[in-house]
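Sequences are here, hints too, so could you generate the full structure?
Protein chains: 2
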Amino acid sequence: MEQKLVPIGVSARHIHLSQEHVEILFGEGYTLTEMKPLSQPGQYAANETVEVIGSKGTFPKVRILGPARSHTQLEVSRTDAFSIGVNPPLRESGNIAGSAGVTLKGPKGEVTIEEGVIVAARHIHFHTSDAERWGIQDKQLLRVRFGGDRGVVFEQVIARVSPDFALDMHIDTDEANAAGVSNGSTGEIIE
Amino acid sequence: MEQKLVPIGVSARHIHLSQEHVEILFGEGYTLTEMKPLSQPGQYAANETVEVIGSKGTFPKVRILGPARSHTQLEVSRTDAFSIGVNPPLRESGNIAGSAGVTLKGPKGEVTIEEGVIVAARHIHFHTSDAERWGIQDKQLLRVRFGGDRGVVFEQVIARVSPDFALDMHIDTDEANAAGVSNGSTGEIIE
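So the sequences go chain by chain: Z and V. In terms of full-length UniProt numbering, the first sequence is residues 1 to 191. In terms of full-length UniProt numbering, the second sequence is residues 1 to 191.
Simulated from the structure, these hints should not be mistaken for laboratory data. Mixed in with the good hints, there may be bad ones.
[Stated by the list, open to error] Here's a subset of chain Z near chain V, in silico, CB distances under 8 Å, partners left out:
{"#": "1", "residue": "Phe59"}
{"#": "2", "residue": "Arg78"}
{"#": "3", "residue": "Leu90"}
{"#": "4", "residue": "Lys108"}
Beta carbons: idealized from backbone N, C-alpha and C, even for Gly.
Structure follows, in structure tokens:
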């Protein structure tokens with residue numbers, strides 16, 4: 001049977017901003033500028049960064065991913081969260097109701113968000129054609145194995161299926177470090 | 001069949017010092033003093049800390065674990081390693097030949113070690129009686145599962161068996177955060 005192999009993208013801490021917050025932080029009428037494209041079509045790392053201020057510390061330069069979204073969302077690892085003193089829940093991207101808050105500071109202003117800070121649940125983006133070929137449904141929970149001297153099986157990996165997605169598994173830096181993997185590593189979906 | 005359940009101890013970054021290095025850092029004739037006992041009999045967290053200086057950053061207060069050992073050994077997570085700019089190999093405790101170096105600074109002096117910095121390989125301490133009951137051999141590689149919303153199976157978990165050990169699985173902070181577990185969590189050894 002065909003092995004179900006997925007490439008890994010390791011998500012370092014990053015932030016998505018609403019256009020309203022872009023303008024508070026960078027000035028009225030400002031729009032994000034693209035530094036480089038990401039694996040998912042239309043998404044990019046912006047040239048801009050923001051300062052993130054928690055109760056116990058700050059990250060001076062957190063990369064913004066564009067384009068602007070409907071809601072601001074900061075994604076950090078659990079290690080990051082401890083180090084600056086925030087307590088985000090583990091959530092799927094976009095599900096931010098009741099999540100943690102934080103203060104953001106840009107060159108032109110600052111804003112405190114009441115929610116939007118999460119630890120992102122690991123997930124795989126599947127193009128519809130990949131999902132159909134492998135018999136995988138949107139929202140299905142999968143198990144993915146990585147070999148090597150820090151071999152692990154990640155459970156509870158959420159399948160996300162869309163004709164707009166490219167095949168890519170997203171894990172955070174804690175997960176990557178725990179498994180001894182990095183960008184370009186390959187995992188296998190197992191039963 | 002009896003479940004093989006093991007309690008978790010999460011190892012934050014810490015250091016073991018040789019008596020020679022204790023005296024360089026804290027003064028001639030100095031001996032470490034106990035703050036609190038650890039899970040393994042005779043081992044303790046010391047009141048003393050040292051500053052650890054890497055090429056890109058420092059940790060101002062790294063806890064010393066006592067008593068003094070034959071060789072100095074600094075154990076960090078991969079995240080820690082990136083943050084201060086050291087590149088330690090994944091190793092079993094005690095196996096430090098050719099590992100990474102770092103500079104240590106105490107109240108009375110400093111010392112640069114050429115080797116001794118490692119990322120500790122995950123392992124389980126078994127008292128001989130636990131190992132016999134469960135049919136586990138010293139050095140055997142095990143698989144240990146944790147449930148929950150960040151469920152994982154850790155592979156390549158090294159069994160260490162001794163009449164001097166108490167049952168305890170040691171993982172680092174990256175591994176604990178990736179699995180969503182903390183001190184007091186319980187894993188299950190699986191086939």
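Status of each hint after checking the structure:
Of the supplied interface hints, the one on Z:Phe59 is violated, with its beta-carbon coming no nearer than about 12 Å to a beta-carbon of chain V, more than 8 Å. Against a cut-off of 8 Å between C-beta atoms, the interface hint on Z:Arg78 holds, since the closest Cβ of chain V lies about 4 Å away. Taken as an interface hint, Z:Leu90 checks out: its beta carbon lies about 6 Å from the nearest beta carbon of chain V, inside 8 Å. For the restraint placing Z:Lys108 at the interface with chain V, the shortest Cβ-Cβ distance is roughly 29 Å, beyond the 8 Å limit, so the hint is violated.
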